[in-house]
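Chain residues, written in single-letter form:
Protein chains: 2
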Amino acid sequence: MHQQFLQQTIELAVNNVAEGGGPFAAILVKEQQIIAVGVNKVTANHDPTAHAEIQAIRIACQLLKNFELTEYTLYSSCEPCPMCLGAIYWARLAAVYFACGRGDAAQAGFDDTLIYDEIIKPPAQRIIEMRQIQLADAVSPFQAWNKLESKIRY
Amino acid sequence: MHQQFLQQTIELAVNNVAEGGGPFAAILVKEQQIIAVGVNKVTANHDPTAHAEIQAIRIACQLLKNFELTEYTLYSSCEPCPMCLGAIYWARLAAVYFACGRGDAAQAGFDDTLIYDEIIKPPAQRIIEMRQIQLADAVSPFQAWNKLESKIRY
Chain A
1 MHQQFLQQTI ELAVNNVAEG GGPFAAILVK EQQIIAVGVN KVTANHDPTA
51 HAEIQAIRIA CQLLKNFELT EYTLYSSCEP CPMCLGAIYW ARLAAVYFAC
101 GRGDAAQAGF DDTLIYDEII KPPAQRIIEM RQIQLADAVS PFQAWNKLES
151 KIRY
Chain B
1 MHQQFLQQTI ELAVNNVAEG GGPFAAILVK EQQIIAVGVN KVTANHDPTA
51 HAEIQAIRIA CQLLKNFELT EYTLYSSCEP CPMCLGAIYW ARLAAVYFAC
101 GRGDAAQAGF DDTLIYDEII KPPAQRIIEM RQIQLADAVS PFQAWNKLES
151 KIRY
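Chains A and B supply the protein sequences, listed in that same order. Per the numbering used here, the very first residue in the first sequence carries number 1; after that it's consecutive. Per the numbering used here, the very first residue in the second sequence carries number 1; after that it's consecutive.
Worth flagging that the hints you see were computed from the coordinates, not collected in a lab. Any given hint might turn out to be false.
Far from chain B, some chain A residues (derived; all Cβ distances over 10 Å) [what the hints assert, rightly or not]: (1) Q33; (2) I35; (3) E71.
Result set (EDC-like, lysine to aspartate or glutamate): computed pairs, CA atoms no more than 16 Å apart in a straight line [said to hold, decoys possible]: (4) B:K151 with A:E19; (5) B:K30 with B:E71; (6) B:K121 with A:D117; (7) A:K30 with A:E71; (8) A:K147 with B:D117; (9) B:K147 with A:E19; (10) B:K30 with B:E68; (11) A:K121 with A:E68; (12) B:K30 with A:D117; (13) B:K121 with A:E118; (14) A:K121 with B:E68; (15) A:K30 with B:E129; (16) A:K121 with B:D117; (17) A:K151 with B:E19.
Note that beta-carbon positions come from the ideal geometry of N, C-alpha and C, so glycine has one too.
Using the sequences and the hints, build the whole thing.
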């Protein structure tokens, strides 16, 4: 069953290339039913976050009007990049299965491996300049959040 | 100057809590001009990827009709989570400055630290079931991509 859904992501990814998109696709499934399909739309949508996995998650969340997908399984044509991996945790998916690995993506010119390497470095050692700057009231948003009784936790 | 923009993100984040959103905000700046403001819209938009940084990146990319923001600096009320860090690399931002650290976010109940811990583990050891499944034609999307002369690289 896993192989069948993954096979579909491969076909969707090949088709997406023919349509001018990136070589990635993903499917969200619950109880063997597909709820959402995502293909890479970075260039078409002018959106660097429009990876297949994130597209599938956003589409499913819109359909369900929920910001969590705790009972859904993601099938992806390729191992999720760190951005998509983060999205998978925030969406609290049940499981993720993928066909290609990050090494295959790197060979095709996609920088997933670079980002995996960067993420574990302290901010100051990364290739993009990153720095924490002290502000007296930096935690005031969290203080406001903690005080608010009506908040919707996520 | 960095402090001034960060101070704005703190005020935006406090306001966003009052409006029912999460305690985070971000601003994208080029040559001291703000091009986009993002606030956390996870619950309001039913979108687990609608973090402040990603909102700002998406808004700026829509305005510029570009999937890259190579000359832009991001100011964020908090250290970006791994998902947003990935988005920052894909958008190829010039620099990132932030006020709170990931520890402050964790104290307020946001799982950034958990995701940072998970991302460095091999997929099989993560708390969400993740597994690569071999398929005979798994790399066919990349083969199609490599062959396509008209592709828009990203």
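Hint check:
no., hint, verdict
1, Q33, "holds (19 Å)"
2, I35, "holds (14 Å)"
3, E71, "holds (13 Å)"
4, B:K151 with A:E19, "holds (10 Å)"
5, B:K30 with B:E71, "holds (6 Å)"
6, B:K121 with A:D117, "holds (12 Å)"
7, A:K30 with A:E71, "holds (6 Å)"
8, A:K147 with B:D117, "violated (28 Å)"
9, B:K147 with A:E19, "holds (14 Å)"
10, B:K30 with B:E68, "holds (13 Å)"
11, A:K121 with A:E68, "violated (29 Å)"
12, B:K30 with A:D117, "violated (27 Å)"
13, B:K121 with A:E118, "holds (15 Å)"
14, A:K121 with B:E68, "violated (23 Å)"
15, A:K30 with B:E129, "holds (15 Å)"
16, A:K121 with B:D117, "holds (12 Å)"
17, A:K151 with B:E19, "holds (10 Å)"
Comparing the model with each earlier hint shows violations of hints 8, 11, 12 and 14; every other hint is respected.
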